[in-house]
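Please work from the sequences and hints to get the whole structure.
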Amino acid sequence: MLKRWYFLLFLLIPLLAILPLLQSGYFSMHDVQHPVRLFLLDQGIKQGYVYPRWVNDLGFGYGYPLFNFYPPLIYYVAEIFVLLGFTIISSLKLMLISGFILASVSSYLYAKLLFSRKAALVVAILYTYTFYHAITIYVRGAFAEFYSMALFPLVAYFLHSLVIKPNWSKVLGLAISFALLFLCHPLIAFPALIFIGAYFLLAMVISQNWLISWLKMTAGLILGLSLSAFFWLPSLVEKNATLVNDILTKELYNYQLHFVYPQQLYFSPWGFGGSTAGMADGISYQIGKYYLLLVFLSLLLSGIYFWTRKNTKFLITVLFLFALLLFSYFMTLPYSAFIWDRIKYLWYLQFPWRFLTFASFYLSLVAGLVFYLGPKIFKNKLVKYCLNTGLTILLLLLVLKYSQLFRPQNMIKTENEKLTNQYQRQWVISRTSFEFVPQGVATKKNEFGVTTLAIEKADLPKKSYRIIAGQAQVKVKANKFQNKLFQIDAKTPITFQLNTYHFPGWQAFLDGWPLTISDNNSLKLIRVALTPGQHQLVFRFANTPVRKLGNWLTLSTLVFLISMAVVQVKKRQMSS
1 MLKRWYFLLF
11 LLIPLLAILP
21 LLQSGYFSMH
31 DVQHPVRLFL
41 LDQGIKQGYV
51 YPRWVNDLGF
61 GYGYPLFNFY
71 PPLIYYVAEI
81 FVLLGFTIIS
91 SLKLMLISGF
101 ILASVSSYLY
111 AKLLFSRKAA
121 LVVAILYTYT
131 FYHAITIYVR
141 GAFAEFYSMA
151 LFPLVAYFLH
161 SLVIKPNWSK
171 VLGLAISFAL
181 LFLCHPLIAF
191 PALIFIGAYF
201 LLAMVISQNW
211 LISWLKMTAG
221 LILGLSLSAF
231 FWLPSLVEKN
241 ATLVNDILTK
251 ELYNYQLHFV
261 YPQQLYFSPW
271 GFGGSTAGMA
281 DGISYQIGKY
291 YLLLVFLSLL
301 LSGIYFWTRK
311 NTKFLITVLF
321 LFALLLFSYF
331 MTLPYSAFIW
341 DRIKYLWYLQ
351 FPWRFLTFAS
361 FYLSLVAGLV
371 FYLGPKIFKN
381 KLVKYCLNTG
391 LTILLLLLVL
401 KYSQLFRPQN
411 MIKTENEKLT
421 NQYQRQWVIS
431 RTSFEFVPQG
441 VATKKNEFGV
451 TTLAIEKADL
461 PKKSYRIIAG
471 QAQVKVKANK
481 FQNKLFQIDA
491 KTPITFQLNT
501 YHFPGWQAFL
511 DGWPLTISDN
521 NSLKLIRVAL
531 TPGQHQLVFR
541 FANTPVRKLG
551 NWLTLSTLVF
561 LISMAVVQVK
571 KRQMSS
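Note that the numbering used here gives residue 501 to position 501 of the sequence shown, counting from 1, and the numbers run on in steps of one.
Incorrect hints may appear among the rest.
Below, computed lysine-lysine pairings styled on DSBU-like, alpha-carbon distance capped at 35 Å [said to hold, decoys possible]:
1) Lys524 with Lys239
2) Lys477 with Lys548
3) Lys548 with Lys250
4) Lys445 with Lys344
5) Lys239 with Lys480
6) Lys475 with Lys445
7) Lys384 with Lys289
8) Lys310 with Lys381
9) Lys477 with Lys524
10) Lys46 with Lys457
11) Lys463 with Lys524
12) Lys239 with Lys46
13) Lys444 with Lys462
14) Lys384 with Lys239
15) Lys444 with Lys344
16) Lys457 with Lys477
17) Lys165 with Lys112
It should be emphasised that the hints constitute simulated quantities derived from the structure, not laboratory data. All values derive from a computational prediction rather than experimental measurement.
Okay, structure coming up:
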């Protein structure tokens, strides 16, 4: 019965935060690409690709390897709802709602590991209504980053569990949660390694057998990396074949422009704008006055508690949480530039304030600590009653005040077709994101001095192919994302152009025989030379060796983890 009540509570906790998601239509945000990405994933799955690395239409109509580089998890979660019959828009909203519920559950599990059930529920509430949750969804529309905020507490939970009491079921949980974090947002998973390292240090101090904890934590992390290798390994190795390095770390996205100033953490006005150099940002980075008050009370009560009671392990744990909280905020400030300058992979984060992902979690834990320590310190019934009443009122005020931030700037009455039609895919959305276009495609500077592709609206392809030279009749037999088939009757020698960027993995076959591809043109489009006669021309986007290796690692690890889970279940059955 108690479990049912808790299940209902986890549904109710984010209710005020998800109210806009229950309305019809869509909402305004910075990242407008989600409907198109989900639409393309759905199309790829319906074409028979379990994991379509390449998609059509993006990249100004010439396609690019979207899911070879962009983390797919949130779209697969949303695709479940699409397959159940929901619309693209509704499926995205349901994915976000599931993320809110998962965030409350995962933060509760971690807090319950350290505190009481009641205090853990408070932590779940505090985590749900942090400023950065509202900013991530309703201002930025950074859905993948939002979902990573639900997954990181799970990783932390299994890590801390392995510190306290290492067992193989927790290794399995760590492997799965860490893999999901990588599949959700590798740019969050990478800095998460810093925090993961902190748990190894914690194990050395409080674990009964730190070496066993280390071994099992390491095993879980390696298994998690192997399980998600089908995505991150090709993404890491093949990114140099794209414009990622030219776009994501330079110009307006240079991390040096986007540090937060200390006073902005105390107060910065709420807004729906973007991040800029200096303190003229259009979005808020503030912690929140009520959260600051709770952190102050936690500091005060922690001092009283450890002055009167000698609980060394718990003291170390509390100091550990405070340290990670301070480090998270430190990494958003200009004072941390010496770290950013030396760890180049951090540059892909673009915005140091992305460390607010971690800060929000540890802020909620530290703020929630007061709800655990208060009843332990004060035994007088009247004092305890007054304290609990005051804290409850403070929590209610916090939720009522900060839940008002969980609103988009505008609700948009629209339909799926308007957000996912061909014009949206080829032009509107393609102009907002083109970093996965192959290296070597012609670029130019726009009026703001920012790099963009040298493609105008008139350059959008009308068909999937073009005859560059010669005469031929062409019938399109198949135009799937990763397989294209043409029946050609060439009257003369011809140069056939597939209106698709050339990227590692593309292969051409003429009448069953391999054909040499040329991309010696400004847009690196695939071209082949054909002799006169009737031909069957096939193009196939095949897996490169690194993709094959990633796929093999994932499949072999999946088999191992399933076997491991079966063994654990049988052990429990035998012991019971």
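- Item | Non-conforming hints, listed in increasing numerical order | 6, 14
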